[in-house]
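J.: When you get a sec, could you build the whole thing from the sequences and use the hints?
Line by line, the protein sequences give chains V and W. Every letter in the first sequence is one number past the one before it in my numbering, and letter 174, counting from 1, is 174. Every letter in the second sequence is one number past the one before it in my numbering, and letter 39, counting from 1, is 39.
Some clues are possibly wrong.
[Said to hold, decoys possible] 20 Å max Cα-Cα, derived SDA-like pairs, lysine to any residue:
no., chain 1, residue 1, chain 2, residue 2
1, V, K254, W, G54
2, V, K25, W, G54
3, W, K40, W, G191
4, W, K40, W, R192
5, V, K254, W, R192
[Stated by the list, open to error] Listed next, the stretches of chain V that the computed footprint assigns to chain W, with coverage defined by at least 3 CB atoms under 8 Å from CB atoms of chain W:
no., segment
6, 54–64
7, 86–97
[Said to hold, decoys possible] To give a feel for the contact side, a few chain V residues facing chain W, derived at Cβ under 10 Å:
no., residue
8, G11
9, N34
10, W255
11, N256
Quick caveat, the hints were computed from the structure, so don't treat them as lab data. Think of the CB as a built atom: it goes at the ideal place given N, C-alpha and C, for glycine as much as any other residue.
Each chain, written out:
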Amino acid sequence: MTAPAATAAQGAPATLLRRILLQGKYESLTMLRNGEQLILAVVLPLLALIGLTVTPFLDGFGASRINVAVPGILALCAMSTAFTGQGIATGFDRRYGVLRFLSTTPLGREGLIAGKVLAVLAVLCLQVAVVTLVALPLGWQPPASGWLPGLSLLALGAVAFTALGLLVAGTVRPEATLAITNLLWILLGALGGIVIPAERLPALAQGAVHYLPSGALGEAMREAFLHGSLNGGAALILLLWTVLAGAAAIRWFKWN
Amino acid sequence: MLRVVNGVSLMAERGQVTALLGANGAGKTTTIECAQGLQKRSGGSISLLGQDPGRSGADLRSRVGVMLQDGGLPPSARPIPLLRHIAGMYARPRSVDELVERLGLDTFARTSVRRLSGGQKQRLALAAALIGNPEVLFLDEPSAGLDPQSRQLVFELISELRAAGMGIILTTHLMDDAQRLADYVYIIDAGRNVAEGTVSQLLQRDPAVEAGTDHVRTLVFEAPPGLDFTGVLPDAIAVSETRAGSYVASGALTPRDLASLTAWWAAHGVMPGSMSLAARSLEDVFLDISGKDIR
Numbered sequence: 001m002t003a004p005a006a007t008a009a010q011g012a013p014a015t016l017l018r019r020i021l022l023q024g025k026y027e028s029l030t031m032l033r034n035g036e037q038l039i040l041a042v043v044l045p046l047l048a049l050i051g052l053t054v055t056p057f058l059d060g061f062g063a064s065r066i067n068v069a070v071p072g073i074l075a076l077c078a079m080s081t082a083f084t085g086q087g088i089a090t091g092f093d094r095r096y097g098v099l100r101f102l103s104t105t106p107l108g109r110e111g112l113i114a115g116k117v118l119a120v121l122a123v124l125c126l127q128v129a130v131v132t133l134v135a136l137p138l139g140w141q142p143p144a145s146g147w148l149p150g151l152s153l154l155a156l157g158a159v160a161f162t163a164l165g166l167l168v169a170g171t172v173r174p175e176a177t178l179a180i181t182n183l184l185w186i187l188l189g190a191l192g193g194i195v196i197p198a199e200r201l202p203a204l205a206q207g208a209v210h211y212l213p214s215g216a217l218g219e220a221m222r223e224a225f226l227h228g229s230l231n232g233g234a235a236l237i238l239l240l241w242t243v244l245a246g247a248a249a250i251r252w253f254k255w256n
Numbered sequence: 001m002l003r004v005v006n007g008v009s010l011m012a013e014r015g016q017v018t019a020l021l022g023a024n025g026a027g028k029t030t031t032i033e034c035a036q037g038l039q040k041r042s043g044g045s046i047s048l049l050g051q052d053p054g055r056s057g058a059d060l061r062s063r064v065g066v067m068l069q070d071g072g073l074p075p076s077a078r079p080i081p082l083l084r085h086i087a088g089m090y091a092r093p094r095s096v097d098e099l100v101e102r103l104g105l106d107t108f109a110r111t112s113v114r115r116l117s118g119g120q121k122q123r124l125a126l127a128a129a130l131i132g133n134p135e136v137l138f139l140d141e142p143s144a145g146l147d148p149q150s151r152q153l154v155f156e157l158i159s160e161l162r163a164a165g166m167g168i169i170l171t172t173h174l175m176d177d178a179q180r181l182a183d184y185v186y187i188i189d190a191g192r193n194v195a196e197g198t199v200s201q202l203l204q205r206d207p208a209v210e211a212g213t214d215h216v217r218t219l220v221f222e223a224p225p226g227l228d229f230t231g232v233l234p235d236a237i238a239v240s241e242t243r244a245g246s247y248v249a250s251g252a253l254t255p256r257d258l259a260s261l262t263a264w265w266a267a268h269g270v271m272p273g274s275m276s277l278a279a280r281s282l283e284d285v286f287l288d289i290s291g292k293d294i295r
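T.: See below:
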């Protein structure tokens with residue numbers, strides 16, 4: 001080995017876009033290979049979908065059970081992958097020093113976070129495909145005008161939940177992240193206005209759920225896929241959660 | 001504000017191995033993590049390849065390889081796909097196959113990081129640090145957990161990289177690592193550097209012989225407790241009874257000094273239970289300087 005040989009092809013970073021795409025792909029595959037994550041991301045939402053179509057919970061909304069259920073199930077998918085899934089994965093990556101190591105490579109901290117958001121969106125696309133394929137034979141009839149506002153809000157919700165998941169993962173121990181994100185998934189899933197509309201919840205919860213990310217996303221998804229309209233107020237609430245959680249994560253996230 | 005490090009000043013050159021030597025908790029890792037941009041420093045200045053690592057971007061990171069103390073590799077990953085993934089972050093990475101072969105990673109290519117032994121993890125982490133073909137390489141406790149063969153492999157590779165012009169900065173609490181690898185050593189204690197020099201400079205660092213070129217040696221022997229050696233050896237050579245019956249003479253010992261000592265034993269009918277003569281080690285130097293054992 002000679003000196004020129006070592007310096008001739010000296011280090012240079014791949015382009016930012018390539019680094020983020022690579023990390024997004026790597027994290028997506030890691031999530032899809034994880035059995036527990038798949039249960040949370042696909043199996044539980046599908047079970048909830050079937051549960052809601054065979055019970056009368058969603059009767060009386062002027063639409064078939066499945067038409068009321070699917071938008072909420074898609075919102076639940078976003079919460080599974082972005083909040084609970086990515087939160088737990090990041091919490092353990094932090095424990096094992098993976099975040100520190102990757103932030104010394106050209107990927108850097110910003111690239112790492114962008115890669116994580118990308119992975120969440122990629123997995124969410126697969127979830128939407130699976131839920132759609134299951135729901136259509138069960139009689140789901142989404143209006144064509146519902147897809148654009150629906151998918152846009154779903155993406156916004158996923159970003160908001162990713163910010164929240166990273167906030168938890170970056171501030172408490174991974175075991176606590178595991179407990180918090182799973183518990184909130186169950187609580188918000190059942191009582192957060194995500195799959196069951198606020199009107200059907202206990203009176204005490206009704207007023208509050210509209211301001212929760214779960215309630216705002218669930219509500220907005222139902223409006224999009226039942227009426228083809230964009231709920232601006234809910235979008236604003238999701239945006240606010242994204243900004244608040246993002247700022248808090250930037251402020252308090254501990255990398256080691 | 002907790003000041004872990006306060007008063008460390010050091011410089012590393014291309015084509016050299018610079019070692020930060022100190023006991024656990026001395027501030028070695030904090031120092032190099034500031035240099036890697038992993039920790040925010042509250043004061044002082046750091047220049048790495050002419051840039052401030054606290055503010056620099058991907059360009060600087062692509063020229064610097066880092067091997068962390070805990071590896072920092074995802075537990076569920078398999079070695080080769082992981083290396084290929086990291087290689088993708090660089091425009092001109094080294095060949096993954098070549099590194100795999102060189103560091104013997106192919107023997108555990110199908111094992112997940114979680115199931116690797118400490119030494120296997122270290123070798124993989126070294127490969128990950130080298131994959132971008134860096135100009136500067138940081139190694140935090142590189143021989144931790146290595147079996148003797150892996151250690152030899154890693155040391156040979158480090159020597160080769162140095163010969164190729166790479167600047168290598170390593171931390172270690174192992175004297176042997178520093179003695180075998182380092183061109184220049186900084187001894188860190190309680191957050192400041194207390195001594196520095198080449199290994200041979202540090203080994204000669206004794207007030208009595210600093211001016212001369214004699215090598216400092218240490219003679220350890222066991223004899224009946226309570227003997228008084230005053231006047232037997234030159235004043236510059238200190239003889240102390242470290243515990244009852246165990247004596248240490250340290251300094252620029254000459255053959256004449258040894259003769260004087262054994263003549264005194266003969267005259268007083270003293271037969272030592274054991275005796276050993278050794279060149280001074282960095283361990284002795286460290287003990288002298290910090291007043292504590294490195295382990």
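J.: Could you work out which earlier hints the structure fails to respect and list their numbers in ascending sequence?
T.: 2, 5, 6
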